[in-house]
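Residue strings, one per chain:
There are 6 protein chains.
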Amino acid sequence: MPYVNIKITNEDVTPEKKAQLISGVTQLLVDILNKNPATTVVTIDEVDTDNWGIGGEVVTEIRKKNAK
Amino acid sequence: MPYVNIKITNEDVTPEKKAQLISGVTQLLVDILNKNPATTVVTIDEVDTDNWGIGGEVVTEIRKKNAK
Amino acid sequence: MPYVNIKITNEDVTPEKKAQLISGVTQLLVDILNKNPATTVVTIDEVDTDNWGIGGEVVTEIRKKNAK
Amino acid sequence: MPYVNIKITNEDVTPEKKAQLISGVTQLLVDILNKNPATTVVTIDEVDTDNWGIGGEVVTEIRKKNAK
Amino acid sequence: MPYVNIKITNEDVTPEKKAQLISGVTQLLVDILNKNPATTVVTIDEVDTDNWGIGGEVVTEIRKKNAK
Amino acid sequence: MPYVNIKITNEDVTPEKKAQLISGVTQLLVDILNKNPATTVVTIDEVDTDNWGIGGEVVTEIRKKNAK
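Protein chains in written order, with my numbering: chain V, 707 to 774; chain U, 707 to 774; chain H, 707 to 774; chain Y, 707 to 774; chain G, 707 to 774; chain Z, 707 to 774.
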């Protein structure tokens with residue numbers, strides 16, 4: 707019955723990796739908290755780098771600086 | 707003043723159905739909790755089936771199996 | 707499979723009213739979007755009036771003014 | 707270490723304005739709560755006006771009425 | 707930089723188990739998506755069983771029935 | 707009409723500081739995006755340090771180490 711929401715930037719996230727995340731997080735909830743996987747829901751939000759900030763700075767800008 | 711967030715998979719959700727959901731949820735909050743509809747906010751997140759998991763499995767894969 | 711989160715202030719919300727909200731919202735998702743109720747999850751966050759603001763003002767203060 | 711999520715309708719929000727929001731909210735958390743900006747995360751969700759309701763009505767419809 | 711929110715019912719969740727969840731989810735994001743753990747944030751919401759519904763029913767009631 | 711959710715650890719957050727946060731964030735949305743403050747909602751979640759992780763570690767543990 708748990709609900710997990712994962713927010714990541716939309717950078718190189720393949721369907722395979724998303725499937726691994728969903729499977730892995732669900733298994734953790736089964737292993738650690740003995741939750742029922744059948745009603746465990748995981749959603750992934752892929753957020754545009756223009757819409758994500760850390761340290762007061764937009765990730766798009768951080769990526770540009772790091773690429774130099 | 708309530709805030710409601712509805713997360714559903716992005717499968718066949720027409721604007722008409724979204725309008726019904728928003729109107730219906732707002733009315734429930736008025737009827738049950740006597741909330742002021744004028745400041746009741748409802749947002750709907752339509753999540754790609756690649757980004758939604760249940761039972762440790764991605765919904766895209768579940769849909770493929772069920773279609774067989 | 708939908709997930710709904712309802713945020714309300716923690717003012718006079720009885721277990722009965724919360725049960726009605728959960729039942730009502732789930733039924734709306736069945737009626738409007740033909741969702742499976744068995745995997746429809748609804749959570750309610752009751753937020754302290756000190757932690758809720760509207761119009762730039764804390765609800766605790768709004769309530770005090772209205773009580774005068 | 708704070709996490710802030712801002713939900714707005716997707717109407718005329720330029721990257722510059724989003725950068726100002728991220729920078730401004732981060733600075734508020736530094737100024738008011740003495741938080742470390744390096745681990746302060748801000749995400750912005752731009753929600754389609756079809757998916758946002760207030761007063762029981764979809765924002766797309768509200769905008770149409772106001773435009774008349 | 708990812709942000710993960712885990713919602714579970716407040717039933718027998720020890721600090722040790724919460725620490726395991728936080729550590730496990732962070733490691734998954736490192737292993738699968740090569741994320742930087744130093745800025746990966748995980749929060750856990752423990753929700754009262756009166757405030758969690760599934761199948762249109764409040765978890766408190768489901769627990770009572772199952773205990774019979 | 708924006709909705710903002712601020713998550714912080716529950717460490718020394720007075721009602722006065724929360725009021726400043728709510729007022730400050732609302733003003734930012736007015737100044738930067740020309741939003742209507744009357745329907746701008748801000749909620750603050752104060753999360754127990756046992757339920758917040760960064761770098762794969764629980765904040766309660768981080769605080770203990772730093773206190774030494």
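For the record, the hints were derived by calculation from the structure and aren't laboratory data.
Check the hints yourself; a few may be wrong.
No copy is singled out in the list; a pair is fine if it fits within one copy or between any two copies.
[Claimed, not checked] Computed list of lysine-lysine pairs in BS3-like fashion (alpha-carbon distance at most 25 Å, straight line):
| no. | residue 1 | residue 2 |
| --- | --- | --- |
| 1 | K741 | K774 |
| 2 | K771 | K741 |
| 3 | K723 | K741 |
Each hint, compared with the structure:
{"no.": "1", "hint": "K741 / K774", "in the structure": "between (46 Å within a copy, 20 Å between copies)"}
{"no.": "2", "hint": "K771 / K741", "in the structure": "between (43 Å within a copy, 18 Å between copies)"}
{"no.": "3", "hint": "K723 / K741", "in the structure": "both (23 Å within a copy, 12 Å between copies)"}
Of the hints listed earlier, there is not a single one the structure fails to meet.
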